[in-house]
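Asks: Input sequences plus hints: build the corresponding full structure.
If you read the protein sequences in the order shown, they are chains W and Z.
Note that UniProt numbering has the first sequence beginning at 1, numbered continuously upward.
Note that UniProt numbering has the second sequence beginning at 1, numbered continuously upward.
Simulated from the structure, these hints should not be mistaken for lab results.
Heads up, none of these hints are tricks.
Calculated lysine-lysine pairs in the PhoX-like style (CA-CA distance at most 25 Å, straight line):
(1) W:LYS129 with Z:LYS216
(2) Z:LYS216 with W:LYS118
(3) W:LYS147 with Z:LYS216
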Amino acid sequence: MEALGLNMGFEETELRLGLPGNRVLSEGEGARKRGFSETVDLKLNLSSKDTSEKVKSFQKEKNPLPRATDPPAKPPAKTQVVGWPPVRSFRKNMLGVVQKSSGEESDMAGGNNAAFVKVSMDGAPYLRKVDLRMYNTYQDLYHALGKMFSSFTIGNCGSQGMKDFMNESKLMDLLNGSDYVPTYEDKDGDWMLVGDVPWGMFVESCKRLRIVKGTEAIGLAPRAMEKCKNRR
Amino acid sequence: MRQDLTVQQMSEDDDRSPPLDLRCGAAPSINRARNCSGEAVSGSGSSTSSSIPASVPVTVTEYQSQYPDQVLEIVLENVLQFLTSRRDRNAASLVCKSWWRAEALTRSELFIGNCYAVSPDRARGRFRRVRSVVLKGKPRFADFNLMPPDWGAHFGPWVCVLANAYPWLEKVYLKRMSITDDDLALLAESFSGFKELTLVCCEGFGTCGLAFIASKCRQLRVLDLIETEVTDDEVDWISLFPEGETCLESLIFDCVDCAINFEALEKLVARSPFLRKLRLNRHVSIRQLYRLMVRAPQLTHLGTGKYGPSEVAQRQGDTEPDYIAAFAACKSLVCLSGFREITPDYLSAIYPVCANLTSLNFSYATITADQLKPVICNCHKLQIFWVGVPCVIDYQCFEEIWVLKLILAVIMQALDSICDEGLQAVAATCKELRELRVFPMNAQEDVEGPVSEVGLQAISEGCRKLQSILYFCQRMTNAAVIAMSSNCLELEVFRLCIMGRHRPDHATGEPMDEGFGAIVRNCRKLTRLAVSGLLTDRAFGYIGKYGKLIRTLSVAFAGDSDMGLKYVLEGCPKLQKLEIRDSPFGDAALRSGLHHYYNMRFLWMSSCRLTRQGCQEIAQAMPRLVVEVIRSDDEEETDNYVETLYMYRSLEGPRHDAPKFVTILR
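Replies: Listed below in structure tokens is the structure:
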């Protein structure tokens, strides 16, 4: 049988447990506890590197099906096959090592098409999320936000505020007025007023949305505030 | 973790095909009395005259001629109330139209094994008085990244219809469905008496959605999230449960990988006197676990969370709580799981409960056989055991150097015996064992695992009542599998995953045909089978010849030719779910199942030898089958072969929510 295409350097014939690298693991218990997790870590880094190279959602290797008469398959480089062994990603994420799991792949797939940002509103008990790529204009976004935040009761915000949210035509007035102001955190970590920049640029730079009471927005750039009031 | 028995029944399949020719809503009710009252008569079945409302505007002669039929229907409905099994109900509904109607009016649990087989409207049209819904979506191989995300199985269309149709809905069980926060919000708002939500292998929502459920479902008894992905929206959903005493009986959130507000959780547990099942996530430390256990000694099912100290340093002088006493106080504890980041020193605390345990899940715990044995040797009543096995060494690259191979073989033998030892301890003590699952902690192919045929053999000799086994290993022998087939005659589920693809019997070099053949031949109750290792068509011949009760079959990297699949499709009359990957089965094999596909829930074949024309033929021959061809990327297939075929019977025809990478053939 031909060699498996490995370049066996002299040091690799040293008697050791573990991967053919520079790691030296102690035997017995150590190998199972600390050393083991390090081994796993190394191993999984290799495999996750493989997986990360198959970037777009998922791709499978074109695995030529071996005939039954072949000797047991030992390809020179054991490439990772998607979904094998059939263990769910929950179990693969063991020992705090994060493998590229289905969750992340779905993020990757989504990342091409969606821009989810968290939206919080002052006084609301919970956050929502919006996909900015689903909207084309600021109008669409306000509309959606209004719908979203009208669906639960908020003790502190006052019923008038809620009713205004539910009334679409009043929404723009509300947001332009002094009651509620939508702000966002951009890539640099600065809090800006929504509406200053062209929509496309906004989508690219927005990381998080926060709808604040107008009084709290005073600290933001005055010129921006001006723009906000003049916006129609 | 293993569900209660009712849910286990939920995973069984219908024996018969659905009544495809029945049209919902076509047959108007002949019983005007019932239409007027709007209520099906239930109860004592006493004098029937009292059950006919006086307001029915019928003449006396009509009244008399309809009387016998009305009596029959009323009696029938009363009797059918007691019929709970859905298979029995399906059978009853086929007797005649009258029985069909009566059954439809009295069915309270709706089970839909494939959410695309029937539309929400059709279901609503037939069944008017549903209190509990089970919905299953994606096929199982989607769990292993074999299906692109956003394929479908959206809960949205269902929840909209359910909200309108069944305001008294109490229970929802979803498996492999895609759920959004808005769906959960709608669910929480629509059903004032909502009691139980169970989500298994679902995704698409976050703690926002949980917040809706917690805050709005005031009658909530069960909130079970099992192997479900929940995104962290940084919402404190635990503190949104209603004030005052709750109805909570079960709260399972070990898969929700977000930090939680522990003080709120503690208060919640303190005001939930009916709480029996609590499974914590890994953000709950062992000290916090202690505080919860002290408040809830009545627990029957406990998921321990981290089972180790939190990262926050403890104040000096803080004594360790008496964990042993806490466990000892839980006299009703029968099911233990969790141990997510276990510190083995604390393991001895669970000794007091071992003798009563019927279910133990160590599959997330990195412990050695030596740490496991003192626990196991007390678990005489154990029926369900899940364990994870660490894999240590990769010596594949040394195989060509015979000296090293020899030395390492000796070491491997020693290590094998250590970890097989754990299973040997199980075999020695757990004579009542019904279900065993052995997971690999490092799920790689290349790594040698320390459980092998020795462990399997030991289990087969010691646990004769075994009904269900899932066993991951690197290598296996036919002899061990044959031993299991003759020792464990109660086996209903046999899933053996030899992780090295195409691995033969490592002692004889033969394919694993004889082992699996023995399983199907000897285990007369077998309904679910998963095969692996080097397998020729012969193995499938055995399955087709002997596997007469098999309902679910999983095949990967196996078989030689079309004959393999033919044997199965022609030989297994009860086959419902067939999932195949990376096996050389082609169009001819696919054709051989035409007589059976309407009786199946689905067929999945990925990376096989199917051509588009072959799949097209099937689609044309069988109009009630939805034939989906799934690509992994947006480009057109350049290959001759279809990447993934997923086909299923459906009353609705092609679905309208298919993404771009899915082509539905006609």
